[in-house]
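**Student:** As given, the protein sequences belong to chains A and B, one line each in that order. In this text, residue positions in the first sequence follow the working numbering: the first is 1, and each later residue adds one. In this text, residue positions in the second sequence follow the working numbering: the first is 100, and each later residue adds one.
Simulated from the structure, these hints should not be mistaken for laboratory data. Glycine is no exception: its CB is placed at the ideal position from the N, C-alpha and C atoms. Treat the hints with care, since some could be wrong.
List time: in silico DSBU-like cross-link candidates among lysine-lysine, alpha-carbon distance up to 35 Å [unchecked claim]:
#: 1; chain 1: B; residue 1: Lys377; chain 2: B; residue 2: Lys440
#: 2; chain 1: A; residue 1: Lys48; chain 2: B; residue 2: Lys211
#: 3; chain 1: B; residue 1: Lys591; chain 2: B; residue 2: Lys119
#: 4; chain 1: B; residue 1: Lys125; chain 2: A; residue 2: Lys64
#: 5; chain 1: B; residue 1: Lys376; chain 2: B; residue 2: Lys440
#: 6; chain 1: A; residue 1: Lys67; chain 2: B; residue 2: Lys205
#: 7; chain 1: B; residue 1: Lys591; chain 2: B; residue 2: Lys211
#: 8; chain 1: B; residue 1: Lys376; chain 2: B; residue 2: Lys171
#: 9; chain 1: B; residue 1: Lys211; chain 2: B; residue 2: Lys125
#: 10; chain 1: B; residue 1: Lys211; chain 2: A; residue 2: Lys8
#: 11; chain 1: B; residue 1: Lys119; chain 2: B; residue 2: Lys377
#: 12; chain 1: B; residue 1: Lys205; chain 2: B; residue 2: Lys376
#: 13; chain 1: B; residue 1: Lys376; chain 2: B; residue 2: Lys591
#: 14; chain 1: B; residue 1: Lys211; chain 2: A; residue 2: Lys67
#: 15; chain 1: B; residue 1: Lys591; chain 2: A; residue 2: Lys64
#: 16; chain 1: B; residue 1: Lys591; chain 2: B; residue 2: Lys522
#: 17; chain 1: A; residue 1: Lys64; chain 2: B; residue 2: Lys211
#: 18; chain 1: B; residue 1: Lys440; chain 2: B; residue 2: Lys211
#: 19; chain 1: B; residue 1: Lys377; chain 2: B; residue 2: Lys636
#: 20; chain 1: A; residue 1: Lys64; chain 2: A; residue 2: Lys9
#: 21; chain 1: B; residue 1: Lys522; chain 2: B; residue 2: Lys205
#: 22; chain 1: A; residue 1: Lys67; chain 2: A; residue 2: Lys9
#: 23; chain 1: A; residue 1: Lys48; chain 2: A; residue 2: Lys64
#: 24; chain 1: A; residue 1: Lys64; chain 2: B; residue 2: Lys119
#: 25; chain 1: B; residue 1: Lys522; chain 2: B; residue 2: Lys636
#: 26; chain 1: B; residue 1: Lys440; chain 2: A; residue 2: Lys67
#: 27; chain 1: B; residue 1: Lys171; chain 2: B; residue 2: Lys377
Cβ pair distances, simulated, as ranges [stated by the list, open to error]:
#: 28; chain 1: A; residue 1: Ala45; chain 2: B; residue 2: His328; range: 25 to 35 Å
#: 29; chain 1: B; residue 1: Ala166; chain 2: A; residue 2: Arg91; range: 32 to 42 Å
#: 30; chain 1: A; residue 1: Gly16; chain 2: B; residue 2: Asp480; range: 50 to 60 Å
#: 31; chain 1: A; residue 1: His58; chain 2: B; residue 2: Lys211; range: 38 to 48 Å
#: 32; chain 1: B; residue 1: Phe386; chain 2: A; residue 2: Met31; range: 50 to 60 Å
#: 33; chain 1: A; residue 1: Val52; chain 2: B; residue 2: Leu577; range: 49 to 59 Å
#: 34; chain 1: A; residue 1: Trp82; chain 2: B; residue 2: His328; range: 29 to 39 Å
#: 35; chain 1: A; residue 1: Lys8; chain 2: B; residue 2: Phe386; range: 44 to 54 Å
#: 36; chain 1: B; residue 1: Leu336; chain 2: A; residue 2: Ala17; range: 16 to 26 Å
#: 37; chain 1: B; residue 1: Arg549; chain 2: A; residue 2: Leu33; range: 17 to 27 Å
#: 38; chain 1: B; residue 1: Leu577; chain 2: A; residue 2: Val46; range: 21 to 31 Å
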Amino acid sequence: MAEHIVTKKQYSYVFGALLLLTFVTTSVGMMDLGRLNVIVALVIAVIKALLVVLFFMHIYWSTKLNKLVVVAGVAWLALLLWLTLTDVLSRGWLPFPGK
Amino acid sequence: MITATVETRDNYLNHEYGVKSWLLTKDHKRIGLLYLAAITFFFFLGGIFATVIRLELLTPPGDLVSAQTYNKLFTLHGVIMVFLFLIPSIPATLGNFLVPLMIGCKDLAFPKINLLSWYIFMAGGACVLYAMLQGGVDTGWTFYVPFSTSYANTYVILTGVGIFISGFASILTGLNFIVTIHRMRAPGLTWFRLPLFIWSMYATSLIQVLGTPVIAVTILLVAVERGFHLGIFDPALGGDPVLFQHLFWFYSHPAVYIMVLPGMGIISEIVSVFTRKKVFGYRFVAFSSVAIAVLGFLVWGHHMFVASQSVYASLVFSFLSFFVAVPSAIKVFNWTATLYKGSISYDTPMLYAFGFIGLFTIGGLTGTFLATLGFDVHVTDTYFVVAHFHYIMVGGTLMAYLGGMHYWWPKMTGRMYPEGWAKLSALVVFLGFNLTFFPQFIMGYLGMPRRYHAYPEEFQVYHVLSTAGASVLAVGYLIPAIYFVWSLRFGKIAPDNPWNASGLEWQTTSPPPPENFEITPVVTYEAYDYSILEEMKVG
Chain A
1 MAEHIVTKKQ
11 YSYVFGALLL
21 LTFVTTSVGM
31 MDLGRLNVIV
41 ALVIAVIKAL
51 LVVLFFMHIY
61 WSTKLNKLVV
71 VAGVAWLALL
81 LWLTLTDVLS
91 RGWLPFPGK
Chain B
100 MITATVETRD
110 NYLNHEYGVK
120 SWLLTKDHKR
130 IGLLYLAAIT
140 FFFFLGGIFA
150 TVIRLELLTP
160 PGDLVSAQTY
170 NKLFTLHGVI
180 MVFLFLIPSI
190 PATLGNFLVP
200 LMIGCKDLAF
210 PKINLLSWYI
220 FMAGGACVLY
230 AMLQGGVDTG
240 WTFYVPFSTS
250 YANTYVILTG
260 VGIFISGFAS
270 ILTGLNFIVT
280 IHRMRAPGLT
290 WFRLPLFIWS
300 MYATSLIQVL
310 GTPVIAVTIL
320 LVAVERGFHL
330 GIFDPALGGD
340 PVLFQHLFWF
350 YSHPAVYIMV
360 LPGMGIISEI
370 VSVFTRKKVF
380 GYRFVAFSSV
390 AIAVLGFLVW
400 GHHMFVASQS
410 VYASLVFSFL
420 SFFVAVPSAI
430 KVFNWTATLY
440 KGSISYDTPM
450 LYAFGFIGLF
460 TIGGLTGTFL
470 ATLGFDVHVT
480 DTYFVVAHFH
490 YIMVGGTLMA
500 YLGGMHYWWP
510 KMTGRMYPEG
520 WAKLSALVVF
530 LGFNLTFFPQ
540 FIMGYLGMPR
550 RYHAYPEEFQ
560 VYHVLSTAGA
570 SVLAVGYLIP
580 AIYFVWSLRF
590 GKIAPDNPWN
600 ASGLEWQTTS
610 PPPPENFEIT
620 PVVTYEAYDY
630 SILEEMKVG
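Same shape as in the complex, but just chain B (with noise of 0.2 Å):
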């Protein structure tokens, strides 16, 4: 009898049907499935690529691909990953789904926008995607000058285009986040009562709004170097190579705090529900964010140390770098500080949480290695830095995802997913996260460069570990992907509010309705505020 009743109770997923209804959807729920489903099928495409590189570099010799082919699969794991999967992954995904519900109002700004958007990113992808079936390219994800403009013979223009075309995707999606958090919140919801997830998507949306322009700007003077030998970036034509990083470092540094600062905001969301707290001091957490975002535009120069950057840059560069450190320890302390004296519960979205926060703390610490000159000249260009920002992107944005997405995929579904196989999955990919990436530090400590096909036999024993982990790995991303699809169809059907969170997308259906709030919410508490649940039950 509950199923009927909720089954027909209008929503955005029932209220119409049919592919039209989707691919023409202004509506910010279904474009935000519209961007699970490509970003998912990015994220698969690019695992495949990781699973090959770990296969190759399972044993000494370069057996399995030749040199070519081992740099086409890591610059395409790198492309994919990065601007078709990590960038737009909570952003464009839960963002678009939760922004307009946690601040109480029926959509983003620009609902056209938000789907051309997604048609954009589809364009962009497509690009990427045509360059991959044709031969593919091999300059690495950095497209470093002048190899990129002067000598690669694979498809480095049409991968730019693709690139170029799907950041401004991210920049429309950033414009929308902004200007719907600064004129739509509901009556009441003041800047310090605002979820920590919306300040994280503003901080993110300031990053997407001010840095993509200047990638999409260096990429076209790859491409018009590469096509038309204007002296740019290329020596021999008279240009400077060191530019190219210069440009392509101010967005791509930030570009990490796009894929990570969304994933802070959801570990600030799911800390306070498991632990039934406020998180502790609310404000530091909220300006951190755009501390973080600031701070992240003045660092870039730690990406060229020894790229022939002048050393009195690199000491100007490596001090600034040490800045960002704060913010970044301001979150990891105060969410640990939420949890003193909470109650807390170990749901699977609490155990990525806790993954996050110990995965993102050891990424974030060997940041400040990397950041002190003498010893990031010793691992430059070494599986080091390989360990330390697949530490970052993947053990903090990807763990954050996952737990947002189990966090609210009762909210987006209507269904629950099966507890125990998420735990069991959540437990699988923390261990075989560590498992691959932690004997990368060591082995890149040790000497073993990035980006070669074969090596020598003294690195194997970290190599086999780390494949070995990445096999676990695949295995805990391919059971959420499975109980997922099948909670759609077989899952319990979720509460309106499962875990009796006190923010505005769980005071609607789950689903929510196709405009999101029968009446408008009115916001007379702060953030995190439990109590009020017990008053709106006796109320």
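Pulled out of the complex, with its shape left as it was, chain A reads as follows (with noise of 0.2 Å):
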């Protein structure tokens, strides 16, 4: 199969992109937003995560194979952390004797 050509400016413009979300996540890191900070910080994280895989490594033009592996490692990281949190956070459900 053939492999697609990126151009120049589509690399330019995914780079501008990562640049101006690198910007705005120093400014915000300057704001205080209270419960906010880190789930604003997590969500331009994943966003400047998914433009270097979609783009730089081609997975938006890739096969639907290639999609899948790349699905599938986030999957496994997600039942890494919602199964780790079943227990962090029922930790406190039930009363410790005594107190």
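Bring the two chains, given one by one in their own frames, into a single complex with the hints.
**Tutor:** Shown next as structure tokens:
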């Protein structure tokens, strides 16, 4: 299968978007958004990661199998976090004896 | 005359000579043999530690080695056997040798990466050996925190670095197999014509690729906390020690399936050939490998029932753990059903297969005991657990590995092993194994804790039985080591297909030529179709 050729222009747009998002991260890092601090930082990080994976790593133009490989990697990370959180989030549900 | 003809035939062993031809080879078969030499060394090294452990436990007081030395012995036994023997054992030796042969291609997709994986593995092994020579490590193979990060004064980081490095070898092997199986199958070799060994190697590779990075990160975090006192796991530094166990077991439970899934693939091959039947329920056995690989990632919390894990999480993990029994049972029942009305022959590989089926069943069923919350609390950290995982790792994986080594030895070397000695050793291994580990179920149930070098006298009878069994087992392992080496020079010349098997690897010469097949095979039949052999003879 022929490899998709990404133009320099497309790369430049993605690079520009990454720089912009880095600027946003830095700017937001100087504000106190309360509980949103972590959420905003993570959302920007995810968008940047997506840009890298989809365009720099050519997944946007790849076969379904390659897309599945990426999804599997993310899904496995989600699995690790999800089942670990079943422990962390439910630890306080039962009272400690004597307290 | 036959000898002369066979030996002058061009094959991967005589195609090139010299140390350089081996150390720079890109031939998957030679790389398989390089791995074989390395893991055999590590197996006997790990075995030496086991021998000293068993000798220490012959008597109740700690009279042979100190408590500190004992801690190092069981740690090194575990680290070496798990990371440097069992995990690479079948995939890196038999897998490397057989995957391209069984799917009818010339080599793996990335031959240079394959050689790189061996060098990475050796670098990791060298780190562990260096740590051992410097004084060893005493944390147990599980490296539990905060002991490993804040209290142990042994070579934790160096050993961890060794495991970290060798993990990359495992990832590269898995990656290579996945791409090869997807892209390089012979014409006509559809997914449901693949040998079940290939299905199991594929499932194993998925675990290697998806799970191994997590243990790498975990070890890195241990090193960072130990070296720079960053609070990740140690509560005194603001960390969470149970988080370590989550990360560690996310990899290390599926790692058990990295060890045993390839063994299951071997058993499928052997059971079919030595009953002259197709494997009963081929598709179920194939998909059960993938199911085990996926479900194996959902159960890690059953190692943490008494580790301050939330009781609700423990309930979920206990519930999920029982699901793994389903695909495992599918395999055992289907192998048994394959035996039904089969034309069974009792050659050495089949003896090992019988051993595997029985011992894996015991190991697996006691696994469901341990997945039960109430029972697990009673036997946590006792010899019951030690017996259980040895029934899986040794009774399962090692029996399958030895079965596979005997089955494919003629293909690998072009020589037959001595059948009489081999049958004797299979019997000795089976008896020795059970004598070693069955008493451990009983003493564990009675309360004998693991990882102690001294114990109350009431447990001595079980320890004496176990040590006696270990001696028998050691003899059982030494016999094949001797006759395999002997057969390289004195064994009978092996025919191309000594077992009348139908797999593609048996349709090429023994040993195979450098590029495996003179002509790329075209597959027009299902796996394990023995009628095709008759048609080939007629043709």
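**Student:** Run every hint past the structure and note whether it holds.
**Tutor:** Outcome of the hint check:
1. B:Lys377 - B:Lys440: The given pair, whose Cα atoms are some 12 Å apart, holds under the 35 Å limit.
2. A:Lys48 - B:Lys211: holds (33 Å)
3. B:Lys591 - B:Lys119: The given pair, whose Cα atoms are some 29 Å apart, holds under the 35 Å limit.
4. B:Lys125 - A:Lys64: holds (30 Å)
5. B:Lys376 - B:Lys440: holds (9 Å)
6. A:Lys67 - B:Lys205: holds (28 Å)
7. B:Lys591 - B:Lys211: Roughly 34 Å separates the two Cα atoms, so the pair holds.
8. B:Lys376 - B:Lys171: Given pair lysine 376 of chain B, lysine 171 of chain B is violated - Cα atoms ~48 Å apart, limit 35 Å.
9. B:Lys211 - B:Lys125: With Cα atoms ~6 Å apart, lysine 211 of chain B and lysine 125 of chain B stay inside 35 Å; holds.
10. B:Lys211 - A:Lys8: holds (32 Å)
11. B:Lys119 - B:Lys377: Cα-Cα ~43 Å, so violated.
12. B:Lys205 - B:Lys376: holds (28 Å)
13. B:Lys376 - B:Lys591: holds (27 Å)
14. B:Lys211 - A:Lys67: Holds: lysine 211 of chain B and lysine 67 of chain A sit about 25 Å apart, inside 35 Å.
15. B:Lys591 - A:Lys64: violated (50 Å)
16. B:Lys591 - B:Lys522: Status holds; Cα separation ~17 Å.
17. A:Lys64 - B:Lys211: holds (27 Å)
18. B:Lys440 - B:Lys211: violated (46 Å)
19. B:Lys377 - B:Lys636: holds (20 Å)
20. A:Lys64 - A:Lys9: Holds, because 25 Å separates the two Cα atoms, which is no more than 35 Å.
21. B:Lys522 - B:Lys205: OK: lysine 522 of chain B and lysine 205 of chain B at ~34 Å, within 35 Å.
22. A:Lys67 - A:Lys9: holds (24 Å)
23. A:Lys48 - A:Lys64: This hinted pair holds, its Cα atoms lying about 22 Å apart.
24. A:Lys64 - B:Lys119: violated (42 Å)
25. B:Lys522 - B:Lys636: holds (30 Å)
26. B:Lys440 - A:Lys67: With Cα atoms ~46 Å apart, lysine 440 of chain B and lysine 67 of chain A exceed 35 Å; violated.
27. B:Lys171 - B:Lys377: Violated, at about 47 Å.
28. A:Ala45 - B:His328: 25 to 35 Å: holds (27 Å)
29. B:Ala166 - A:Arg91: 32 to 42 Å: holds (34 Å)
30. A:Gly16 - B:Asp480: 50 to 60 Å: holds (57 Å)
31. A:His58 - B:Lys211: 38 to 48 Å: Cβ of histidine 58 of chain A to Cβ of lysine 211 of chain B: about 22 Å, so the range 38 to 48 Å is violated.
32. B:Phe386 - A:Met31: 50 to 60 Å: With a Cβ separation near 52 Å, phenylalanine 386 of chain B and methionine 31 of chain A satisfy 50 to 60 Å, so the hint holds.
33. A:Val52 - B:Leu577: 49 to 59 Å: holds (54 Å)
34. A:Trp82 - B:His328: 29 to 39 Å: holds (30 Å)
35. A:Lys8 - B:Phe386: 44 to 54 Å: holds (46 Å)
36. B:Leu336 - A:Ala17: 16 to 26 Å: Check failed, 38 Å falls outside 16 to 26 Å.
37. B:Arg549 - A:Leu33: 17 to 27 Å: The hinted range 17 to 27 Å is violated for arginine 549 of chain B and leucine 33 of chain A, with Cβ atoms some 50 Å apart.
38. B:Leu577 - A:Val46: 21 to 31 Å: About 56 Å separates the Cβ atoms of leucine 577 of chain B and valine 46 of chain A, which means 21 to 31 Å is violated.
Figure legend: structure checked against the earlier numbered hints; hints not met, in rising order: 8, 11, 15, 18, 24, 26, 27, 31, 36, 37 and 38.
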